[in-house]
Amino acid sequence: MTIALETRSLTKQFGGLTAVDSVDLVIQEGSIFSVIGPNGAGKTTFYNCITGFYEPESGEVLFYDKSLVGLTPDQVTYRGISRTYQNIRLFANMSAIENILVGEHSRLRANWADAILHTPRMKKEEKAAVEKARQLLNFVGLVGLGDQLARNLPYGAQRRLEIARALASQPRLLLLDEPTAGMNPHESVDMMHFIRRLRDELGITILLIEHDMRVVMGISEQIAVLDYGAKIAEGTPAEIQGNPRVIEAYLGSGAASGLNNTAARPA
Amino acid sequence: MPSAKAPARRVSTYKIVQTVLGILFAGYLLWRLYVVFIGNPAYGSDTWARFIISGVILGSVYALIAIGYTLVYGILRMINFAHGDIMMIGAFGGYFVFEALKAIPAPTLTDPKFTFSDAHPIIAVLLAFIVGSSIAALSGFFLEKIAYRPLRGAPRLVPLISAIGASIFLENAGQLLFGTQRRDYANPLILTRGDGWNLPIGGATVILPYTGVLTLVVSILLMVGLYLLVMRTRLGRSMRAVAENKQVAALMGIDVDGIISRTFIISGALAGAAGVMWGIHLGLVYYYVGFLPGIKAFTAAVLGGIGSVPGAMLGGLFLGLVESLGPAILGISFQLKDVIAFAILVLVLIFRPTGIVGEVLTEEKV
Amino acid sequence: MRKQIKLSLNAGITFGIITIFLFLVGFTSTVADILAELFHNKAATSLLGLTPQMLNMLIFLGLVGLWAGAFGSRKEKSRSDDPWGVAVLDSLITGLVHGLLVCGLVLLVGTLDLRGVRMNVYLAQVLPAAVKLFLLGKAPLAGGLFYIVFMLATGFLGGLFSRGIGRGSWRRRSAAAWKNTWESFNRLSFVTQVRGNPITRYVIYGLLLLLVFLVPLGAGQYWNYTIGTVGIYVLLGLGLNIVVGLAGLLDLGYVAFFAIGAYTMALLTAPAPHHLLWSFWIVLPVGVVLAAITGLLLGTPVLRMRGDYLAIVTLGFGEIIRILSKSDDLTAFTGGPKGVTAVGGPTLFGKPFNSAIDYVYLIFLAVLLVIFVTNRLQNSRVGRAWEAMREDETVSRAMGINTLTQKLLAFAIGAAFAGLGGAIFASRNQFTGPDDFSLMVSINVVAVVIVGGMGNIPGVIAGALVLKGLPEVLRQLQDYRVLVFGALLVAMMLWRPAGIIPSSRRKMESNKDTGVTETPKEGREG
Amino acid sequence: MKRLYFVFAAFLVASMVLAACGTAATPTASAPATQAPATQAPATQAPATQAPAAAVPAVCSTDAGGCAVFKPDQTIKIGMGAPMTGDNAAFGTDISQAGKLAVSDAGKFQGFSFELDAQDDGGTGEGGAAVANKFVADPQVVAIEGHIFSGATAAAIPIYEPKNIPMMSPSATNPTLTTTGSKVFNRNVFTDGKQGKFDAEYLYNTLKITDLAVMHDGSAYGQGIAQVVNDSFKALGGNVVAFQAITPGESDYSAVLADVASKKPGAIYYGGYTAEAVILVNEMKAAGLGSAIFFSDDGIYGQDFLDRTKANGEGVYATSAPLPPESPAKTTFDAAYLAAYGTAAGKLSTYTWNAYDAAAVLIKDIESVAVLGGDGNLYIPRAALVAAVRATKDYQGISGVITCDPTGECSASNPILNEVKNGGWIVVP
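Chains as they are written, first to last, in the working numbering: chain A, 1 to 267; chain B, 1 to 366; chain C, 1 to 526; chain D, 1 to 429.
Since the hints were derived computationally from the structure, they do not count as laboratory data. Virtual Cβ for every residue (Gly too), placed ideally from N, Cα, C. Some clues are possibly wrong.
As the list claims (entries may be wrong) - Keeping only pairs whose Cα atoms sit at most 30 Å apart, straight-line, the calculated DSSO-like set for lysine-lysine is:
1) C/Lys351 to A/Lys124
2) C/Lys77 to B/Lys246
3) C/Lys3 to C/Lys77
4) C/Lys507 to A/Lys127
5) D/Lys194 to B/Lys113
6) C/Lys351 to D/Lys194
7) D/Lys108 to D/Lys194
Unchecked claim - If you want the footprint, here are the derived chain C segments under chain B, 3+ residues with CB under 8 Å:
8) 84 to 96
9) 296 to 305
10) 317 to 328
Required output: the full structure, derived from the provided sequences and hints.
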C-alpha cells in the first residue's frame, strides 16, 4: 500500500494559540480517513494547512512523498488534492455546470489567446470539458439541473454539486468538511453511500471531517481525534469508540451527547 | 495571506518583492532624512515647526471626516461617497450662523463695529458647531433613508453608485442654492485667521494660529467622545454588534435599521463639525468644498484601516503630516504631495494589507 | 386610519419640501422657459392677468400637485380595501399641507422681497424676477392663498385620478395581458422553430448591426459626436466590466489607462511637444500595449489587496497619472496643463478622417472588436476563472485558479481596452489634456458598468447610453442637468439594483449551444 | 491557425466596409462645409414660394460659408461653451451672466433679437467638443463666445473651423490656440507672454527684487504665465529661489508657503486666479512671509480679492487690462450686473468685463454683416462674419480697446499694473 498523505509534527499557530499541535497522520491510498474532535479542535485549520491556505510554522506535509509546504492553494490542487467546505461555498451566481467547469480549471490548458482566437485545441478541450461536466452532474445525480444557478438549487443538491466540483479537478485525495452537516438521518445515509462510491468507483482517497458519529463510524477505516490542536487518539472506529481519552475530550467540551448518540446537530 | 514566519524551504516571490521594496524605501527615506537634516539642511527648525503645525491641524480635520467613512463602512461595508458633501452642508450651516450673528450689532465704547459674534465668541462658535452638525446629521439621516436603505440587500457596488449619484446631486444642489462664488467665514474677531501665539523657534517666530488650536482641540474632544460612545455606551455596543453580524444582531433584539440610521446621524454630525472647523480655520465655503477633503479622508480611513475608529484618527493625522512633510523630506515639489501620499498608501498596504491598525482578516472571514 | 392620515401628511410635507426646493434652486423659472420653448407660447398674450411664463410655471407646479395628490392618497399597506372617501380625504390633506408649506414660502419670500431684501446674496437663484414670477405678480398674501387653493385643487384631482384608474392594478393587468400574449405567441409552432433556429439569431444580429451602421448617416454631426462618446464609454465600460464585473476587482482609477492611451496617441502623433508625427495606425496598437503593460506593472504589487483597499489604491493611481501629466517636472514631456493640441487622425486609403461620422465608424469597429474579444473570453476557461474569483476568491484558489495571474490578466486586458478607447478619444478630439482624466471619468465608467448591469455586454452598452447619452439629452434642462442626472442615478439604482439589463447565464447543459451530440436525459427534480 | 486567418480576413472585410462607409459618408458629412448653401436650402426654399428668389441677398451665393437664415420670429443665437457645473462653475456662471447682459443691452437688430445660449462643457476637452458639435448642428448659432477654458477651446476650434463660426473667447489664454492658424478663433484676453514679461521686468527693474519665488495653480493659465515670469526673470539676471505649484480647490496652502518662506524670497509671483490667491495672501503672514511682496496676474484683479483679503491684501500687485478707470459704461454695467445677479461684477471671476465685451463685439460684427432680405428674413453670411470678427478694430469696450491682429489676438492694449492701497486697487504709474 502506498501512503497518499502524511503529516509530520504539523504545527500551526495564531499568535499565542496553537491551532494545530504537532499532528502526525498517515493516510493510506484508497482509504476513508476521518478526523473528528470537538468544536475548535483545529480540524478546519488542519485542512487549511494541507491545502496551502495556511503555511504551517513547522512540520511537514507529504503528498505521495512530495512536500506541500509553501505551495499555494492552486498548486496544491494541481497536485491532486481537492476539498469541500463545511458551510457550502459554491459560486452562487454561476450555473451548476459552470461551477463544475471551474473545478476543471486546473486540468485545462486554454489561455486567453486560445480563448480569443478559438484555436482548435481550445475548442476540443472545451467540448471535452463540458462533456465531462455533464458526466459529473450525472454521477452526483443532478441531471437536468445543470443550467440552474447554484444558489437556486436545493440544499442537498448544493452539497452534491460541491462534491462534483471538487471531483472535477481529478483529485487523488478529497478532503470533505462535514458533508452531512444540516442533513436529516435519511439524507446522511445517502451521503454515506455516496462517499463510499467515490472511493470505490473513482479510487479516490478520502479524508473526512465529520461530527455525525453514525457517519464517521459507518464509513471510516481509520479515525484520528484532535483536541486543542493535538492528536489524542488514532485507530479504527472500534478502537476510538472505546478510547477513554476521546470520551473525556468530548464530555469535557460539553458535547455530552456521546459518541454513540447520532442525533442530528444543528448546521 | 501566509503568516509572517515562513519555513525556510520555499519563500514566495511576493515576500522577496516586499522585502526588497521595504529595504529600498527605508534606505531612500533614511538617506533623504540624512540629507535634509544633516547633510544639506534645507530648512531651519522654524520651517519644520510650520510644516508640523500645518500637517497636524489638517490631519485632525481629515481624521474627523475619516471617522464618518469608517463608521459607515464598518456597518454597511459601503463607501459613503457623499460624505464629503455632507461636510459641505455642515460648513454652510456654520457659515449662516456666523453671518446671522455678525449682523447683530453689539457696539462697545472702543469699537462701534463690534458685533454679537465678536462679543460672545464662545456662544457664536458653539452655535455654529451645533447648527452645522445638526444640519449635516439630518442630511446624513435622510441620505441613508432615501438613497441607501432600499438597497440593503443589493450587491455591494450598487449603494456605491447610489452614493455617487447622491454626491453629484448634493454638489449641484449646493451650487444652485447658494451660487457659485466662494464665501468667507466671518469668524469672531478673536478667531481672526492668521492670528495666533507667537512661538520663537530657531530664531524666527512661528505662529500657532488660534483657529488651528481650536480645530485640533475640538476634533480631539469629538474623537474621544466618539470613542467613548462606541466603546462604553449601549448604542456603541449595538453598533459594534451590527457591524459584526447584522443577522445575529437582529436576533438579539437590536433594531438594525435604527442603529444604521443613528450611525449615519453620528457620522453626519462629525462631518458637519469638520465642515465648520474647515470654515473657521481655512475660511472657505462653497459647494465643492467637501469634494477634495472627502477623497483625502477616505484615503486616510483606508490608510488607518477602514472600519477601525482609532485607525481613522491615526490615518487622518498621518496623511496630514505626509502632505506637509512628505515633499519637504523627499525634496519633491509640493505639487506632487498627493502622489507621495498615494505612494505611501500603496507601500503601507503592501506591508499591512488592511491598513495601519486594520482588523486582520483571516481566510475564513473574508 | 391614523396611519393613513400620517401617510398623506408625510406626502404633503415631502412634496412641500420638493416644491420649495424647486423654487430655491430656481427651477420654477427655468421650467417656464423650457415649456415656453416646447409650446412656442413665448409671445402669446396673457390670460386671466397671468403671463404665458406664469401659466407655464403653473402647468408644471400643477403636475407636481397632481403627483402629490396621487402619492398622498395611496393605499396604506395594512389596508385591504381602498374606498373612494378615504382616497379623496387623503388627497385633500396632502394638497392642504403641500399648499400651506408653499404658502409659507410665498409669504416669507414675498414679504422680504417687498422690503427690498436682496435674498440672492445668499440664495443665488432667488432673484426678484423669480420671486415675482412665483408670486404671479400678486401680493404675498394673495399669492399664498392662491397656492393653498391651487395645491388643494390639484391634490384633489390627483387623488381622484389615481383612485379612478385603480392605482397600480391597471399596470399589473396590462403586464399580465402582455405576458399572456407573448407566451401564446411563443407557443406557436413556427415561432418555436424560428426562434430555435440559429439562423434567426444571426439574422437579428445582422439587422441590428445594419441599423447601427445606418444610424450615423442620418444622425447629424452633434448626435454623431454623442454616439461616438457613448461608443468610447462602451469601450471603457467593457474593459472595466472585465475588471469589476467579471473578476470582481473594484478599480476606481481606471482613467489612468485611458489617459495612457490618449497621451500615447497625442505625444506620438502631435507636432508639439515632440514632433514625432507617427501614423495613427501604428500608434493605436502601441497605446493599447502600453496601457496593458501599465496595467501589469500596477497590478503586480497591489492585486493582493482586497475589495476597498484595492479601490483606493487604484483611485490613487488614477490621480497620480493625472497629477504627473500636469506637473511642472514633466511639462516638457507631456505638454503640462495646456495639454496637447493637433493630435493626429487616421487616414484610410488616402482619405483622412475629419468628421464625427468617420470616427463613429472607427469607434463602432473598435467596439465590435472589443465585444468579440470580451465575448470569447467570457465564455472560456479564463472568463469562468474570473467569475469564480468574483464569487468567492478563497474557493476559487482551492479550485486550482492562480488568482494572482488571473487578476493580472483581467487588469491588463481591461487596461488594453481603456488604452484603445483613450487613443481613439484623443485622436477624435484632436486634443488631450489633464482635465480629460479627472476622477469623475473613473467614477462614470464604474457607473456605466453597474447601472447597465454588471458582467454582461448589453448591460454595458445600455449603461454607456444612460451615463453619456442622458446628460446630452438633458441639455434642455440647462444648469439643472447634472442635478437631475445625480437624482436619476440614485433613482435608477433604487429601481433596478441589478442594472438595466441584468446578467443572464448561458445554457450549457443542453447541447444546443455547444454542438455536443449526446442528448441529456430529462431528469428534472422538484 | 485557420481561425487566425479567418479573423484577419474578417478584419480586412471590416476595414473595407469602413472605407466604403467613410467615402459614402463624405458628401453628407462635409456638405455643410463645402456646399453650405445646400444645407440652407430648406430654409431658403420655404420663403421662396412666397417671395421672388431675389429676396435672398446676393452675398449668400458668393459667401464661402453660405448664409444663416432667420425668419422673423427666430432669434440670432450666440453660443457659449462654459463650465456651468463642477469645481469651476463660477467662471461659467459669471461669464454667461455678463454675456447675457451684453445681449440684452444690444436690444433688437432690424426687429431680430439676440440670444446667448450657454451650454455646460465642464471645461474639459470632451465637453468642449460635445458642446461645439451641438452648436454647429444648430443653424441659428452664428457665433461663439468662448470657450472659457483652454482645454475645451482647443477641442472645439477644429469643429467650428469648417463651419465658419467665429469665436471670441474672453478667457482662454493658452498661447498655442492662436498659433495653429485658425481663422475662426479670436480672444480679447491677454496671453501669458505679454503679461509675464511685463511683470518680470517690473519685479526686477522697479521693485529691485533679486530673489523671487514663483508659484502657480497648475492650470493652463497659471502655469503658462508662471513659466514666462520664471524664464524672463532669470533672463534679466534675477534668481528664482522656488518654483512651486498648488492644487486648486484645496483650502490650505500653509505647508507649501512654509517651504517657500524658507527660501527667503523678496517677492512671490503667483500665476492663477483669485480663489487660491486669496488663501495664499491670507496665509502668508502666518507662514513667515510677512515681508514678501505678493505679485500676480490679471487673474486676481478685481473687487473680490479686496473683499476677501482685507488688510492682508495691502501692498499686493496685480496686472490688468488698462481699464478706463471708471468709465460711465463700466459703472452702468456694474450696477446692472449687481441688480440682475446679486453679486458684484468681478466677484465670481475676473473675466466679467471681458465677457461683456466679447459678446458685444460679436453682436456688433453680426450687425455689420447681416442683411435683411426682401422676404423679411435676416441673412447672415457666415464667412463674411468670420472675416468681420477678425477685422475688428478699435472697439472701445468696458475692459479696454479691442483690435484683432491677423492671428486672432484682440487684446491690443498693454497691461497696466495695480497695487492695493488703503483697500482699493490703485494704478501704478
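Provide an ascending list of the numbers of those earlier hints which the structure does not satisfy.
-> Hint check: 1, 5, 6, 7, 8 fail, others pass.
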